[in-house]
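2 protein chains.
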Amino acid sequence: MSNQEALIEQLRNIVGDKGLLTGDDVSSRPNESWGRGSCPARAIVRPASTEELSAVMKLCHAQGQTVVPWGGLTGLVDAITCREEDVVISLERMNTIEHIDAEAGVMTVQAGVVLQPVHEAANDAGWQFAVDFGARGSAQIGGMIGTNAGGNSVVRYGMMREQVLGLEVVMADGTVISSMNEMLKNNTGYDLKQLFIGSEGTLGIVTRAVLRLRPQARSVQTAFVALDSFADVAGLLRRLGVELEGKLSAFEVMWRNFYHFMTEESGKHQAVLPTNHPYYVLLESEGADPVREEEQFMAVLGTLMEEGHVADAVICQSSQQAAQLWAMRDDVETLIHATFPPAIFDISLPIREMESYVDDLASTLAERYPGTRMVTFGHLGDGNIHLGIGPVEDKHAIESLVYERLGQVGGSVSAEHGIGLEKREFLPHSRSPEELAVMRTLKQSLDPGNLLNPGKIF
Amino acid sequence: MSNQEALIEQLRNIVGDKGLLTGDDVSSRPNESWGRGSCPARAIVRPASTEELSAVMKLCHAQGQTVVPWGGLTGLVDAITCREEDVVISLERMNTIEHIDAEAGVMTVQAGVVLQPVHEAANDAGWQFAVDFGARGSAQIGGMIGTNAGGNSVVRYGMMREQVLGLEVVMADGTVISSMNEMLKNNTGYDLKQLFIGSEGTLGIVTRAVLRLRPQARSVQTAFVALDSFADVAGLLRRLGVELEGKLSAFEVMWRNFYHFMTEESGKHQAVLPTNHPYYVLLESEGADPVREEEQFMAVLGTLMEEGHVADAVICQSSQQAAQLWAMRDDVETLIHATFPPAIFDISLPIREMESYVDDLASTLAERYPGTRMVTFGHLGDGNIHLGIGPVEDKHAIESLVYERLGQVGGSVSAEHGIGLEKREFLPHSRSPEELAVMRTLKQSLDPGNLLNPGKIF
Numbered sequence: 001m002s003n004q005e006a007l008i009e010q011l012r013n014i015v016g017d018k019g020l021l022t023g024d025d026v027s028s029r030p031n032e033s034w035g036r037g038s039c040p041a042r043a044i045v046r047p048a049s050t051e052e053l054s055a056v057m058k059l060c061h062a063q064g065q066t067v068v069p070w071g072g073l074t075g076l077v078d079a080i081t082c083r084e085e086d087v088v089i090s091l092e093r094m095n096t097i098e099h100i101d102a103e104a105g106v107m108t109v110q111a112g113v114v115l116q117p118v119h120e121a122a123n124d125a126g127w128q129f130a131v132d133f134g135a136r137g138s139a140q141i142g143g144m145i146g147t148n149a150g151g152n153s154v155v156r157y158g159m160m161r162e163q164v165l166g167l168e169v170v171m172a173d174g175t176v177i178s179s180m181n182e183m184l185k186n187n188t189g190y191d192l193k194q195l196f197i198g199s200e201g202t203l204g205i206v207t208r209a210v211l212r213l214r215p216q217a218r219s220v221q222t223a224f225v226a227l228d229s230f231a232d233v234a235g236l237l238r239r240l241g242v243e244l245e246g247k248l249s250a251f252e253v254m255w256r257n258f259y260h261f262m263t264e265e266s267g268k269h270q271a272v273l274p275t276n277h278p279y280y281v282l283l284e285s286e287g288a289d290p291v292r293e294e295e296q297f298m299a300v301l302g303t304l305m306e307e308g309h310v311a312d313a314v315i316c317q318s319s320q321q322a323a324q325l326w327a328m329r330d331d332v333e334t335l336i337h338a339t340f341p342p343a344i345f346d347i348s349l350p351i352r353e354m355e356s357y358v359d360d361l362a363s364t365l366a367e368r369y370p371g372t373r374m375v376t377f378g379h380l381g382d383g384n385i386h387l388g389i390g391p392v393e394d395k396h397a398i399e400s401l402v403y404e405r406l407g408q409v410g411g412s413v414s415a416e417h418g419i420g421l422e423k424r425e426f427l428p429h430s431r432s433p434e435e436l437a438v439m440r441t442l443k444q445s446l447d448p449g450n451l452l453n454p455g456k457i458f
Numbered sequence: 001m002s003n004q005e006a007l008i009e010q011l012r013n014i015v016g017d018k019g020l021l022t023g024d025d026v027s028s029r030p031n032e033s034w035g036r037g038s039c040p041a042r043a044i045v046r047p048a049s050t051e052e053l054s055a056v057m058k059l060c061h062a063q064g065q066t067v068v069p070w071g072g073l074t075g076l077v078d079a080i081t082c083r084e085e086d087v088v089i090s091l092e093r094m095n096t097i098e099h100i101d102a103e104a105g106v107m108t109v110q111a112g113v114v115l116q117p118v119h120e121a122a123n124d125a126g127w128q129f130a131v132d133f134g135a136r137g138s139a140q141i142g143g144m145i146g147t148n149a150g151g152n153s154v155v156r157y158g159m160m161r162e163q164v165l166g167l168e169v170v171m172a173d174g175t176v177i178s179s180m181n182e183m184l185k186n187n188t189g190y191d192l193k194q195l196f197i198g199s200e201g202t203l204g205i206v207t208r209a210v211l212r213l214r215p216q217a218r219s220v221q222t223a224f225v226a227l228d229s230f231a232d233v234a235g236l237l238r239r240l241g242v243e244l245e246g247k248l249s250a251f252e253v254m255w256r257n258f259y260h261f262m263t264e265e266s267g268k269h270q271a272v273l274p275t276n277h278p279y280y281v282l283l284e285s286e287g288a289d290p291v292r293e294e295e296q297f298m299a300v301l302g303t304l305m306e307e308g309h310v311a312d313a314v315i316c317q318s319s320q321q322a323a324q325l326w327a328m329r330d331d332v333e334t335l336i337h338a339t340f341p342p343a344i345f346d347i348s349l350p351i352r353e354m355e356s357y358v359d360d361l362a363s364t365l366a367e368r369y370p371g372t373r374m375v376t377f378g379h380l381g382d383g384n385i386h387l388g389i390g391p392v393e394d395k396h397a398i399e400s401l402v403y404e405r406l407g408q409v410g411g412s413v414s415a416e417h418g419i420g421l422e423k424r425e426f427l428p429h430s431r432s433p434e435e436l437a438v439m440r441t442l443k444q445s446l447d448p449g450n451l452l453n454p455g456k457i458f
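Chains as they are written, first to last, in UniProt numbering: chain G, 1 to 458; chain D, 1 to 458.
The set of hints was computed from the structure by calculation and includes no laboratory data.
Quick reminder that beta carbons are idealized off the backbone N, C-alpha and C, glycines included.
One or more of the hints may lead you astray.
Estimated spans, in silico, between C-beta atoms of each pair [to be verified]:
#1 D/T96 <-> G/K58: 47 to 55 Å
#2 G/M305 <-> D/T303: 33 to 41 Å
#3 D/S400 <-> G/R93: 39 to 47 Å
Same shape as in the complex, but just chain G (with noise of 0.2 Å):
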């Protein structure tokens, strides 16, 4: 027996059949984002407990044994990929839900619980979970705080970062750090949960998490509006944070290139306004009382029709009408087969530096690449926007345009999808090398071998 069936074996000795794939049951798993490419790891390791893995780390650090962690594969920066060497760590059958204080609004989960039935337990106990995006039907928790999801709430309740309270993480020693604190306060030494969210399972592996839930909303009002110039755009943004007192709960803008598109030109989608508009605005709120919800929502946007900062508005009249305009919005499919092959950008940077950076990118794609398209949209209370470019020939040189530009406004390349191994090149575009080698000393110290993700983010 070579020593790789050797450890294969003692995988298995620890986490059961069960807890162990092989063969055709690994490679018929993607190795790429969007579901592509065919996992060439030795092994699936699927613990059923922190225990289980425990133990199979303090194997794996025994050995020098790299290994890859896996949420629900929904990720967009090829974070899960695998060389021939790794093993997977999957936490697909630690999916339980453990408590729930429905008093406190406090909820205690294992990492490979999927999104979507966090958020019918918070239902159910009278709460919400409020991250939230397309992918909540496989997206597992574990996964969400490795790479801090965002999403479209995080206008008003944050990325996944402000919804862990606790975590439990397996280290890549075996040690389990169990920082399960339950509390809004905790000053006691060093906030160490921060470490992990967003790290991209490069310093452990979450094992179980304390979720904190927000208070239900009752009332949901949404509309769809359109705005003459950036400067309305930013305006509205501010007008709304003061006058819907927090409860703006998406802002999601539209460049009339994607709304357009979107609408006539594809013919997918219902323009519920003209499309010669600059720019749209998806926005939504959230409160308590429908009536009075829906009379505050009414009142704003019409004093600010009636000073001229909104051109057109439609306010939905139905949870149908408002999920037609989020249909539109998420449409990512229309969006690529009309880029394809596409080149698609999660960025953010400062609200005051982003229509001259767009309107510049637009003008040298015109130039440099004609024929190619740019639709622009995304979270801009956020700061967050996304593009979409193509088609697409030369990859590296549209991501080199676009992510060059962006360093030098204080822009980041990666807004909420984080950096995997898509943009590792292009991590110095938005860190120092001062940053990048404080990242590295904390990877070395809590990691030495580097046998967690290996090769991701730097």
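Please build the complex by placing chain D on the supplied structure of chain G, with the hints as guidance.
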């Protein structure tokens, strides 16, 4: 010239005469919380810029000179205490508000700026800064970041951590880490700023920060209510979370022993409600429209009274009346006088454990230390309560009593004050040996010479 004298002269060469204090200018400053003691340090170095501090730390690093970073000295856990061999780094001359982006609600400051001017500048720009507490005239932003300061509005806006978008930090070896991010979303590798926030100056010295501002409130509603059971208190918090739609900005609970003492017994404050109920809550809501806001506030409280969950209530008719209630809540002086010599605690624990924890502690105290008073109050919305116990003869015995029970219910020995020297011994009640080992690993990797605030936290 001794080595010691030589170092002082080298420091003087970097920061100039104005930047260096020695002799009486050092010993006239305090060495403990509450302004007690006399600072025994070799010198107080007051750099005027990040570059100066970087040069100072390079020198100290080369010579193995330990440093103690100082903010406004308003902390309560002796995190600024020096030994004779230490040098103080005070950021008091780096007190400039560098920039306000009034469109985005972002403020860039030097770390030595005091909280009060930050509030004023934010207000002038049409925004608010969301952390506030009594020591606003002295507390510095850098110290507030280093200690992850809390305060009265955490239930709505979070602690200092949630107000920091970006940081600049000088490391133990003088390296400057600039992570002056301005965006809400930035997933480019490890979120380094999180490491420094709340680490009490043991990992780096904060020199500049990008602060997140919040929309200004144009209307504040304040009420003082009496409740007949702890279940009603917890239920009120939950109901207001839903009914006030996230606008609840303070939820300060007083056990009867606090309220009765502050009013009838001490005669210091007016009793606006009868003092025979077991619990009282001072609560506040922030919104945009005074008329709509008052209507909503009255309606919600009216319903809760009709349903029997609130026993009695006063809704403040003026900001003066609200200020009087807040003055009672914040009257630490009267509290200390009544329990002198006192032991004051800042703890957090799950709300479901709170009633029995406090009751059990009170019984044990009454049994073992007859004649000792305990008053209980705090930010219950954050799971954070304060205990004032006294007169205390054997402080250590009382501390052990409070903290031992706390560890058993998943509580924290420090909710918002930090660890410093004062709570170092009790940290293991809230943190496991594995957590402490990771903290030590981090400290060792970023400050291997143990130069930064040595002996604090652990």
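Evaluation of the provided hints:
no.	hint	verdict
1	D/T96 <-> G/K58: 47 to 55 Å	52 Å, holds
2	G/M305 <-> D/T303: 33 to 41 Å	34 Å, holds
3	D/S400 <-> G/R93: 39 to 47 Å	42 Å, holds
When each numbered hint is compared with the structure, no violation occurs for any of them.
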